[in-house]
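Visitor: Using numbering that gives the first Met the number 0, the letters of the sequence shown map in sequence onto residues 0 to 142.
Any given hint might turn out to be false.
To be verified - In the DMTMM-like style, the derived pairs of lysine to aspartate or glutamate whose C-alpha atoms are separated by at most 20 Å in a straight line are:
(1) 81 / 92
(2) 81 / 124
(3) 81 / 139
(4) 81 / 109
(5) 81 / 32
(6) 81 / 47
(7) 81 / 94
(8) 81 / 136
(9) 81 / 96
(10) 81 / 121
(11) 81 / 25
Simulated from the structure, these hints should not be mistaken for lab results.
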Amino acid sequence: MRPGSGPPTPPGSFYLDPSGREFFVDFDRMAMDAAAMLRLEAGRNPHDRDLIILVGELSTQSELFRRHWASQNIRFHRSGRKRLRHPAVGELDLDVEATQLPADPELQLDIYTAARGTQAADGLELFATWAAARIAEAADTGS
Numbered sequence: 000m001r002p003g004s005g006p007p008t009p010p011g012s013f014y015l016d017p018s019g020r021e022f023f024v025d026f027d028r029m030a031m032d033a034a035a036m037l038r039l040e041a042g043r044n045p046h047d048r049d050l051i052i053l054v055g056e057l058s059t060q061s062e063l064f065r066r067h068w069a070s071q072n073i074r075f076h077r078s079g080r081k082r083l084r085h086p087a088v089g090e091l092d093l094d095v096e097a098t099q100l101p102a103d104p105e106l107q108l109d110i111y112t113a114a115r116g117t118q119a120a121d122g123l124e125l126f127a128t129w130a131a132a133r134i135a136e137a138a139d140t141g142s
C-alpha cells in the first residue's frame, strides 16, 4: 500500500494511511470491523504467511490496530452499510452485499448500491462519469 496513491484499501488504510480517516465517514467502526475480520481470517488460515506479515506490520506500526486486535473480536458480514467520502463526488451512504466467488471461495466480491433517487445514487452516477474520464485520460496518455 502506498499512502496517498489513491482511495484507501482496507485493512491497511484504517491504520497506516491517514487518508483513511477522511475516506471512511464511520472510521472507528470500520477500523474495528477490519481488525475483527482479519482475526476471523487468521482463525481460518493460521499459517497464511501474507496474513501473518500484515498483522505483524499493523501491530508494530499502529497503536489503534494493537488495541483492536487485542479485543479479540471476530466479525463476519454478508451485508451492511458503508459511508464513504470521495473527494470528487462527496459523501456516499451505500448498501454493501458480500458474495463468495464460486471459482475461488477465498475471494469475496463486495457489491455497493444506493437507493434510486437518493443523493448517494446521484453520487454514484457522478463517480461513474468521473472514473470513466480518468480511464479515458490514462488510455490517451498510455499510463
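Visitor: Out of the numbered hints, which ones does the structure contradict?
Guide: 3, 6, 8
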